[in-house]
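J.: With the sequence shown counted from 1, adding 2 to any position gets you the working numbering.
Since the hints were derived computationally from the structure, they do not count as laboratory data. Where a beta carbon is used, it is the ideal one built from N, C-alpha and C, also for glycine. Any given hint could turn out to be false.
SDA-like, lysine to any residue: derived pairs with alpha carbons at most 25 Å apart [what the hints assert, rightly or not]: (1) K57 / Q20; (2) K137 / D248; (3) K130 / G234; (4) K273 / P219; (5) K273 / A161; (6) K389 / V291; (7) K137 / Q276; (8) K187 / G349; (9) K338 / G241; (10) K381 / S296; (11) K338 / V243; (12) K273 / K338; (13) K389 / P54; (14) K137 / V235; (15) K57 / R113; (16) K338 / D366.
Each pair of labels, with its calculated beta carbon distance range [claimed, not checked]: (17) A76 / A315: 17 to 23 Å; (18) A16 / G122: 32 to 38 Å; (19) V325 / V25: 37 to 43 Å; (20) R23 / E351: 54 to 60 Å; (21) A315 / D335: 32 to 38 Å.
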Amino acid sequence: ERLRRAVARLLQLAQRHQARRLVLAGGADGFSPEALEAVVESLLLTAYQFTPYFKETPPFSLEEVEILSPDSPARELALQRGQSRAEATIVARDLVNEPPNVLTATELSRRAEQLGAQYGFAVEVLRKPRIQSLKMGGLLAVNAGSLEPPTFTIMEYAAPGHEQDAPLVLVGKGVVFDTGGLSLKPTANSMDFMKADMGGAAAVIGAMCGIAAEGLPGRVIGLVPATDNRPGVRAYAPGDVIRMYDGSTVEVLNTDAEGRMILADALAYAKQYQPRLVIDLATLTGAAVVAIGSPGIAMMRTAPDADRDRLLAAGEAVYERCVELPLWDEYRDMLKSDIADLKNIGGSEAGAITAGKFLEHFTDYPWIHLDIAAPSWRKSPDSYRSKNGTGVGVRLLIDFAARMWAAPAS
3 ERLRRAVARL LQLAQRHQAR RLVLAGGADG FSPEALEAVV ESLLLTAYQF
53 TPYFKETPPF SLEEVEILSP DSPARELALQ RGQSRAEATI VARDLVNEPP
103 NVLTATELSR RAEQLGAQYG FAVEVLRKPR IQSLKMGGLL AVNAGSLEPP
153 TFTIMEYAAP GHEQDAPLVL VGKGVVFDTG GLSLKPTANS MDFMKADMGG
203 AAAVIGAMCG IAAEGLPGRV IGLVPATDNR PGVRAYAPGD VIRMYDGSTV
253 EVLNTDAEGR MILADALAYA KQYQPRLVID LATLTGAAVV AIGSPGIAMM
303 RTAPDADRDR LLAAGEAVYE RCVELPLWDE YRDMLKSDIA DLKNIGGSEA
353 GAITAGKFLE HFTDYPWIHL DIAAPSWRKS PDSYRSKNGT GVGVRLLIDF
403 AARMWAAPAS
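Start from the sequences and build out the full structure, keeping to the hints where you can.
T.: Written as structure tokens, this is what we have:
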């Protein structure tokens with residue numbers, strides 16, 4: 003991480019002085035493969051700019067970067083890995099940074115289809131009639147106030163010989179804009195960056211690109227339920243009872259707790275794949291931000307310790323660190339409803355955990371929940387982490403998948 007930050011600082015200084023060429027030397031023996039990967043990641047992520055909507059593209063003086071390091075197969079692989087992981091992160095950044103009048107649920111699915119064709123993974127998009135026939139009540143309820151239809155995007159990558167493997171399933175929250183619905187967000191400027199409420203979906207799509215680009219030896223399914231959440235005349239309301247995809251009923255007490263509603267349907271849908279492990283990512287709760295602040299990702303799980311340990315190690319390696327929060331049985335009591343199987347909020351205490359406990363209800367497989375609300379969006383840049391969408395979760399998922407598939411089968 004220190005090397006990534008040092009390279010970012012050098013690149014920023016070079017740009018400030020309008021340098022056209024930058025040469026990086028790794029000492030007498032050159033950069034190690036691990037260091038070379040970090041250097042390439044930092045260069046590409048620091049240089050990132052989101053420019054599609056400028057009349058004139060902001061200037062960037064640097065034309066060439068040369069990295070002095072001896073050639074070797076390991077270094078070549080590291081260079082390719084650093085490039086593919088940075089580019090996958092940029093995929094996610096671009097998606098998060100798109101304005102909500104452009105990136106509707108339909109457009110998000112179309113982008114996933116384009117990326118699947120580019121990177122070599124299969125994509126199927128379920129449209130509203132199919133979502134209705136599947137009775138995905140959570141996704142349909144959140145979408146009810148919108149003029150834009152929902153989508154449910156299914157992505158699949160399998161390395162040759164791994165087509166029948168029990169998959170790693172990645173689920174990403176795809177709320178492309180969140181007003182809070184009828185429980186309208188109350189604080190000033192709180193909607194200014196709500197286009198970023200699909201950061202989990204962006205991370206899953208980016209991770210699919212990176213995993214496919216690296217040709218990792220396994221099978222992965224990506225699921226993205228997508229909609230906006232608006233206070234239209236048909237919007238779902240506090241007091242409604244919604245029947246979910248798995249048949250469970252949910253009493254809605256806050257329409258701004260919408261992410262868990264669409265994730266619940268996706269998590270229940272994931273059961274059909276008989277997954278090896280399911281990981282969901284979501285900009286889910288402000289409570290996670292309060293609990294651990296901007297540096298960390300809140301993690302909850304029913305998965306075995308070995309999966310937790312791999313995820314923690316991946317988080318340290320890519321510096322997207324995870325903090326485990328408990329899922330004690332007592333938190334389930336906070337979700338009890340008088341008229342339904344559960345309610346969609348748990349009160350003022352432990353908001354990040356009760357959101358995770360809500361999601362757990364819809365799982366019956368090894369599962370990890372990652373609340374990325376804190377690090378997915380930045381109001382100012384931090385080294386190689388860009389202002390606005392950061393693409394957090396992409397490198398974490400790719401590194402975790404590589405570790406999981408490298409480990410001996412248990």
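J.: If a hint holds in the structure, say so; if it doesn't, say that too.
T.: Each hint, compared with the structure:
The hinted pair formed by K57 and Q20 meets the criterion: a straight-line CA distance of about 22 Å does not exceed 25 Å. The hinted pair formed by K137 and D248 meets the criterion: a straight-line CA distance of about 9 Å does not exceed 25 Å. Between K130 and G234, the direct Cα distance comes to roughly 17 Å. Compliance with the 25 Å bound is thereby established for this hinted pair. Distance hint between K273 and P219 is fulfilled; the C-alpha atoms sit about 22 Å from each other, no more than 25 Å.
Between the alpha carbons of K273 and A161 the distance comes to roughly 21 Å, so the proposed pair stays at or under 25 Å and holds. Annotation: proposed proximity of K389 to V291 holds, straight-line Cα distance about 17 Å (limit 25 Å). A distance of roughly 21 Å separates the Cα atoms of K137 and Q276; the hinted pair therefore holds under the 25 Å criterion. For a cut-off of 25 Å, the pair hint linking K187 to G349 stands: about 17 Å separates their Cα positions.
Using a Cα cut-off of 25 Å, the hinted pair K338 and G241 holds, with the two alpha carbons roughly 14 Å apart. Distance check on the hinted pair: K381 and S296 sit about 11 Å apart at the alpha-carbon level, within 25 Å; holds. For the hint pairing K338 with V243, the CA-to-CA distance comes to about 13 Å; that is within 25 Å, so the pair holds. Restraint check: the Cα-Cα separation between K273 and K338 comes to about 24 Å, which is no more than 25 Å; the hinted pair holds.
Under the criterion of a C-alpha separation no larger than 25 Å, the hint pairing K389 with P54 is consistent with the structure, at around 16 Å. At most 25 Å may separate the alpha-carbon atoms for a hinted pair to count; K137 and V235 meet this at roughly 21 Å. For the proposed pair K57 and R113, the alpha carbon gap of about 23 Å is at most 25 Å, so the pair holds. With a CA separation close to 19 Å, the supplied pair K338 and D366 stays within the 25 Å bound.
Between A76 and A315, the C-beta spacing of about 20 Å keeps the proposed range 17 to 23 Å intact. In this structure the hint that A16 and G122 lie 32 to 38 Å apart at CB holds, the actual value being about 35 Å. Between V325 and V25 the C-beta distance comes to about 39 Å, which sits within the given range of 37 to 43 Å. Take R23 and E351: their Cβ atoms lie about 56 Å apart, and the range 54 to 60 Å holds.
Checking the proposed 32 to 38 Å range against A315 and D335 shows it holds: the Cβ atoms sit about 34 Å from each other.
Taken one by one, the earlier hints all hold for this structure without exception.
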